Amino acid sequence: MRKFVLVLVVLSMIIAGLGIAKDTVVINLQAEPSRLNPIIYQDTETSMVLESIYAPLLDLTEDGDFTTEGAVTERFTISDDGLVYTFYIKQGIKFHNGDPLTARDVKFSYESFMDPDLGSPHNRYYAGIEEIVLVDDYTLEIHLKELDIAFLTLARLRGAVMPKDYIESVGWDEYERHPIGAGPYKFVRRVPAQSIELKRFEDYFGENAKIENVVFRYYPEMSTAIMAIRAGQVDFIGELPTDEFNALKRTAGDDLNFGTYERFEDHRVVFNKRPGEPFADVLVRQAVNYAIDRSEIIALTRPGMATPAVGRVPTFHPAHAADAPAYEVDLDKARELLIEAGYPDGFKTQIFAPSNHRERVLEVQQIQRQLARIGIEAEVVAVEWGTYLDVTADGEAPMFRERWSASAPEPISFIESWHSESSWNPIFGTYYNEEVDRLVDLIRVTIDTEERWELYREVQRIAMEDAVCVPLYYPLVGEAYNKDLYIPEDLWNPFKRPISAVHRWEWR
Amino acid sequence: MAGRKRSFWIRRIVRTLVTAFGVSLVAFLILHLTPGDPAKIMLGPYASEAAYEAIRERYHLNEPLPLQYLYWISGVFRGDLGDSIRYNRPVLELIKDRIGPTLALMGSALFISITLGIFLGIVAAIKRNTPIDYFATFQAVFWLSIPPFWLGILFLYIFGLQLRWVPIGGMVGFTSLIFPALTIGLRDEAWFARPMRAEMLEVLNQDYIKAVKAKGLKYSSVIVKHALRNALIPMITMIALRLPWVIGGSVVVEVVFSWGGLGSFLVSSVLARDYPVVQAILLLIAMLVVVANLVADLLYSVIDPRIRKES
Numbered sequence: 001m002r003k004f005v006l007v008l009v010v011l012s013m014i015i016a017g018l019g020i021a022k023d024t025v026v027i028n029l030q031a032e033p034s035r036l037n038p039i040i041y042q043d044t045e046t047s048m049v050l051e052s053i054y055a056p057l058l059d060l061t062e063d064g065d066f067t068t069e070g071a072v073t074e075r076f077t078i079s080d081d082g083l084v085y086t087f088y089i090k091q092g093i094k095f096h097n098g099d100p101l102t103a104r105d106v107k108f109s110y111e112s113f114m115d116p117d118l119g120s121p122h123n124r125y126y127a128g129i130e131e132i133v134l135v136d137d138y139t140l141e142i143h144l145k146e147l148d149i150a151f152l153t154l155a156r157l158r159g160a161v162m163p164k165d166y167i168e169s170v171g172w173d174e175y176e177r178h179p180i181g182a183g184p185y186k187f188v189r190r191v192p193a194q195s196i197e198l199k200r201f202e203d204y205f206g207e208n209a210k211i212e213n214v215v216f217r218y219y220p221e222m223s224t225a226i227m228a229i230r231a232g233q234v235d236f237i238g239e240l241p242t243d244e245f246n247a248l249k250r251t252a253g254d255d256l257n258f259g260t261y262e263r264f265e266d267h268r269v270v271f272n273k274r275p276g277e278p279f280a281d282v283l284v285r286q287a288v289n290y291a292i293d294r295s296e297i298i299a300l301t302r303p304g305m306a307t308p309a310v311g312r313v314p315t316f317h318p319a320h321a322a323d324a325p326a327y328e329v330d331l332d333k334a335r336e337l338l339i340e341a342g343y344p345d346g347f348k349t350q351i352f353a354p355s356n357h358r359e360r361v362l363e364v365q366q367i368q369r370q371l372a373r374i375g376i377e378a379e380v381v382a383v384e385w386g387t388y389l390d391v392t393a394d395g396e397a398p399m400f401r402e403r404w405s406a407s408a409p410e411p412i413s414f415i416e417s418w419h420s421e422s423s424w425n426p427i428f429g430t431y432y433n434e435e436v437d438r439l440v441d442l443i444r445v446t447i448d449t450e451e452r453w454e455l456y457r458e459v460q461r462i463a464m465e466d467a468v469c470v471p472l473y474y475p476l477v478g479e480a481y482n483k484d485l486y487i488p489e490d491l492w493n494p495f496k497r498p499i500s501a502v503h504r505w506e507w508r
Numbered sequence: 001m002a003g004r005k006r007s008f009w010i011r012r013i014v015r016t017l018v019t020a021f022g023v024s025l026v027a028f029l030i031l032h033l034t035p036g037d038p039a040k041i042m043l044g045p046y047a048s049e050a051a052y053e054a055i056r057e058r059y060h061l062n063e064p065l066p067l068q069y070l071y072w073i074s075g076v077f078r079g080d081l082g083d084s085i086r087y088n089r090p091v092l093e094l095i096k097d098r099i100g101p102t103l104a105l106m107g108s109a110l111f112i113s114i115t116l117g118i119f120l121g122i123v124a125a126i127k128r129n130t131p132i133d134y135f136a137t138f139q140a141v142f143w144l145s146i147p148p149f150w151l152g153i154l155f156l157y158i159f160g161l162q163l164r165w166v167p168i169g170g171m172v173g174f175t176s177l178i179f180p181a182l183t184i185g186l187r188d189e190a191w192f193a194r195p196m197r198a199e200m201l202e203v204l205n206q207d208y209i210k211a212v213k214a215k216g217l218k219y220s221s222v223i224v225k226h227a228l229r230n231a232l233i234p235m236i237t238m239i240a241l242r243l244p245w246v247i248g249g250s251v252v253v254e255v256v257f258s259w260g261g262l263g264s265f266l267v268s269s270v271l272a273r274d275y276p277v278v279q280a281i282l283l284l285i286a287m288l289v290v291v292a293n294l295v296a297d298l299l300y301s302v303i304d305p306r307i308r309k310e311s
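Going down the list, the sequences are from chains A and B. Throughout the first sequence, residue numbering follows the working numbering, covering 1 to 508 in sequence. Throughout the second sequence, residue numbering follows the working numbering, covering 1 to 311 in sequence.
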């Protein structure tokens, strides 16, 4: 009998041991996050951490529509003239320190982004706000100076409603060192140069996180991070470089999970269209478009991890212009256009790329070879980032290799630089087309979504007939994670992304 | 004699001060030698004009360069190295957090390289032109030929990923320290082993060694008491001069091993364009080199008075 009990005890211990669920997930960061301050930070690493700490004012669905699910807003209305946004805040939401979250905190958060003394690099997005009216503790009205269809896209507090009372009592400096939000995880500590630790917030207003602890660990060297995930020391590596992602899939494909999603981003070659430049001539720009082989470039730097671009807005978005001129490779046509433009023997020019982005330099070299086929001799100029910014903005680069990452869901920033009065216009080589100006203005005041998407498509068709740039590709993001980690399907989506909802991850 | 000694020391110290000034100038100019507008580089291209102006104001970027240098260097003397742009915290505070791991790594690496280097140097000299000597030479060349970056990854691959003896990267206890220290230490050991062998051989050929041998002294005490003591003198300078290389080597190794020290901090600060931090770390490392050189010279002159006369 005693023996039997002993066996039973041992057995139950073994079963209990097996049953202990892993309660921590380790997420790789390639660099140490900067300031854990929603209004200030500029690096992706910080955003990856803050997504778990804060609750957003509004969230996005898989289709890029605004939703109040998972957000602090119960419902919101926009007045018919598009000037007044009214937010009704959910009651009973608590910050990590136990303080209730009210409309006062939302108002405070907006004002913090607008406060010139706090110096948020985002404050220009909030410049259109005329006043913020606290109707009651749970109702807030935001009045705009003029109609702005991109207001909710650009001025959504970067997903962070901040605690007014706490910040006012401890000050911003202290707050940054111990941020408090109303999100599913609370900040525990920051180990200098090593990691940031979060713990499940038990009073979260949504569904509580499934995994208790989150550790963000920094691996500046990607090969080390990859060995760490293969050894099970790291559970998730986001935004892997394409070559690393493909290599890892080849070598450790059976031991890890992989996922991809599209990004709200496009890569292109920009022309300097100032008078006197060869690229001021639309025929030359079209010739270059016909000479550049997008699939060759994708095969070179992002095999399997990008789609050829047509226009500016990525394919998954309803404003994508599938029927805009795509300029499939046609060297004869390109040569004809050059002759017509008065360059029967081609010409010499330069193409710039920032030297700190290796794949962009490689691509530009490939473009150099492609342009040589039609007699254009393009010198590759790889320059340091600071120089690159100066040279391109000053109009000294005839062609340059750009990447544009837009805030979701409104794709306005992809096309607004085409407007002749946009501050971006001279930075991207200047462009003037009366019809484009009219359409961009119209987009800004068109409240009906479907109608607006059609205007986006129209403006891209016109600008691409003008061959305003050379669209290269829309990239895919590749991420690797532990075989036993479950990340819900709907998060593999450009509007959601796995990292935005770590609380829904699960150990299986 | 005393006067000459004093003038030697003064000359050395003056020369050091001049070097230190030059070094501080270079560290300061880093920000301005980089092409582009410093404020734009620090904040990125998309910040508001007000934010740029605030940065220019804060770092006196609108003042003439010599004045900017004075602001900066007077801050350094007050212990104010500025604030990190990336972290919004005093640079000194950030350096304090990270200097410990770097010193631990450098200390262990130096310990490995000095003990191993001197030991192998002595053995190779005593057993010269034997397989032992050849092996000592071979292993020295071997470690010297491997880039530390690659050696670090190889160590992690074998002992971290395949054998699972040590954690991969990070600073989790003593086991994390072993391989980064070996990666730097083994390479530097080669730097000490070869000169140590040469010194030993030279000393062993001296007449006084023959004399003590002839006196019938035990071989081990000939080596330790008479030969080693003299052979070690040049090694002091070797070690002091090698110090900056240990720091330099630790930059790459810290990144590979995710070691949270000053080296990886320097790299990430360069990438983040956090110029106040870059300037401070460069200044710190450069000053360390300058001081190490001075100490080497002075030590050498204390141990061997002939140096003073010749210079």
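None of these hints come from the bench; they were simulated from the model. Bear in mind the structure is a predicted one, so any value in this text is a computation, not a measurement. Certain hints may be false.
Simulated coverage check for chain B against chain A, where a stretch passes if three residues somewhere in it have a Cβ under 8 Å from a Cβ of chain A [claimed, not checked]:
hint, segment
1, 83-97
2, 169-180
Distance ranges between label pairs, derived from CB positions [to be verified]:
hint, chain 1, residue 1, chain 2, residue 2, range
3, A, Lys199, B, Thr175, 36 to 42 Å
4, B, Trp150, A, Asp117, 32 to 38 Å
5, B, Glu57, A, Trp404, 52 to 58 Å
6, A, Arg403, B, Ser74, 54 to 60 Å
7, B, Glu57, A, Gly171, 18 to 24 Å
The beta carbon of each residue, even a glycine, is placed where N, CA and C say it ideally should be.
Here's how the hints hold up against the structure:
1. Proximity of the segment 83-97 of chain B to chain A, defined as three or more residues with a beta carbon under 8 Å from a beta carbon of that chain, is established by the 5 residues found.
2. Here the segment 169-180 of chain B counts 3 residues with a CB under 8 Å from a CB of chain A, which clears the bar of 3, and the coverage holds.
3. Under the hint 36 to 42 Å, the C-beta atoms of Lys199 (chain A) and Thr175 (chain B), about 26 Å apart, miss the expected range.
4. The given range of 32 to 38 Å is broken by Trp150 (chain B) and Asp117 (chain A), whose C-beta atoms sit roughly 49 Å from each other.
5. Between Glu57 (chain B) and Trp404 (chain A) the beta carbons are some 31 Å apart, a value that contradicts the proposed interval 52 to 58 Å.
6. Checked against the hint of 54 to 60 Å, the C-beta distance between Arg403 (chain A) and Ser74 (chain B) comes to roughly 42 Å, which is inconsistent with it.
7. Our hint of 18 to 24 Å for Glu57 (chain B) and Gly171 (chain A) holds, since their Cβ atoms are close to 21 Å apart.
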